[in-house]
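Number of protein chains: 2
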Amino acid sequence: MARVATAEGRGESPEAGDRSARSRQAILAVAAGTIARHGIHGLRVERVAKEAGVSTALLYYHFGSRSGLVNAAFEYASELAPSTALRLASDEQSGYEAVAAALLAELDESPDVREFSVVWGDVSANAVFEPELRPSVRTITRAWRLTVAAAIERGVADGSIRSDVDPDEAAELLIVLVDGFCIRWLSGSLELERARHLLSKVLAQLRPPDEAGAPPG
Amino acid sequence: MARVATAEGRGESPEAGDRSARSRQAILAVAAGTIARHGIHGLRVERVAKEAGVSTALLYYHFGSRSGLVNAAFEYASELAPSTALRLASDEQSGYEAVAAALLAELDESPDVREFSVVWGDVSANAVFEPELRPSVRTITRAWRLTVAAAIERGVADGSIRSDVDPDEAAELLIVLVDGFCIRWLSGSLELERARHLLSKVLAQLRPPDEAGAPPG
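These protein sequences, in sequence, are chains A and B.
For the first sequence, my numbering begins at 1 and goes up steadily by one.
For the second sequence, my numbering begins at 1 and goes up steadily by one.
So that you can see chain A by itself, here it is in the shape it has in the complex (with noise of 0.2 Å):
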C-alpha cells in the first residue's frame, strides 16, 4: 500500500496506480502460495515474479527485497486469517460465540485456512532466525490477540463469558494454543478432530457456571 500511495505521489495516472496495485496483489498471492507449499526457503524471487507475470525489476520495485517480499506476503496471508472475521463480529452472535466460531475456523481443512497456517507457521519459525522477519510476526500477533481480547471483552459484557476471565491474557493463552495445535497438526503429529475438540473444551471453561455444563473454571 505504501508503495502504491508513492506511485501516485509521484504524479502517475489513476489507471497506473490501479495497474500497480493489481500487479502487487498478484506478486502477493503467488508469494503467499509459495510459501505455502514449499516454505521461505522455496521461495525464489525470479520464480514468484516470472509466475505473477511481472518483471524481477517490478517486484523490487514494490517490496525493495526478498524479506520485503516475505513480510508482504505474510501480511497479505494474515488478512485470509478466519480470525479476521471478529473485526466484523455481528451482533448476532454473543461474544463467546464469536470468539469460539473464529478460533475454531483456524483449525482447518480447507484449501485457504490451511494456506494461511502453513505461511503463518513458517513464518514464525523463521523468525527465530531471520530478525527482519520479527516485526510483522509481532504486529500480527499483536493485532489478533487484541482482535479476541475485544471479542472476550465483549462476551464477558454481555455475559456469555464469566466475568473472572481476563480477556487479555485468555486471548493471549487461546491464540498460544491455535498456534500450537496448527503446528502439531500441519506436522502430522495430531489429528485436526482431537485439536478442535481439545480447543472446544478449553474454550467451554471461559462460560459462565450456569452455562458450561460443568463446574466453572
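It is possible that part of the hints are untrue.
Here are some chain B residues pointing at chain A (derived, C-beta under 10 Å) [what the hints assert, rightly or not]:
#, residue
1, 84
2, 87
3, 140
4, 193
5, 197
Read the hints as simulated data drawn from the structure, not as lab findings.
The model shown is predicted, which means the values in this text are computed figures rather than measured ones.
Virtual Cβ for every residue (Gly too), placed ideally from N, Cα, C.
Position chain B against the provided structure of chain A, taking the given hints into account.
Relative to the frame of chain A, chain B by itself:
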C-alpha cells in the same frame, strides 16, 4: 545406536565400537548446535563432518542421508529437553510439582534449553514440508505427552492434582501450549516472563480446590 550395533555385529573390536559411538555423538552434537544457530536450512553435511573431525563418508556411514542426520540430531537434542527429568521424577515431589517444574523449565533462557527449543521448533516447522521428518516429530511428541500424562496421573493419585483431570488430555494441552509459547518467545513476540506467568496460571488450574487458592476449573 543401530549403526553402532551393526558395526559391533560385524566383529569389530570393542575399541572400534567405542570410537564409532564417540564419533557418532560428536557428529550429533555439532549437527544439533548447527540447527540451533542456523536452522535446518543452514546445515551443510560437509561442514558438520569437518567440525566434528570426521570424514563425510563416516557421517554418511552413521546416518545414511542428510535427513537421517537431521532426524538423529533432533532425537539427540530432545534427550536434552528439561521434561526428560520427569522420567526420573523422585518421590520427594508431588505429581503436580513434578509436572509444573518440568514444563516451566522448558521456558528458560539457559543456552541448553534454548538450543533444544530452537531445534525442536525448527524441525517441527519443517516437518510441514518434509514428510521424512514427521515420524521423529510424532515419536518424540508422543513420548513427551506420555511422560507428562504419567506424572499428571501420579498427581491425581497423590491428591496434588484434581481428580476430574483427564491426564492424557491435560498433557496434550500443556505440551501444545509450551510449544506455542516457545515459538512466540524465540521469534521475539512474547516475553519469557509473560509466558512463564501464563503457563503457571494454566498449571494452577490442575490443583484441587482446597490448594488452588481460587475456585477450581
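Consistency of the hints with the structure:
no.: 1; hint: 84; result: violated (18 Å)
no.: 2; hint: 87; result: violated (20 Å)
no.: 3; hint: 140; result: holds (9 Å)
no.: 4; hint: 193; result: violated (13 Å)
no.: 5; hint: 197; result: holds (9 Å)
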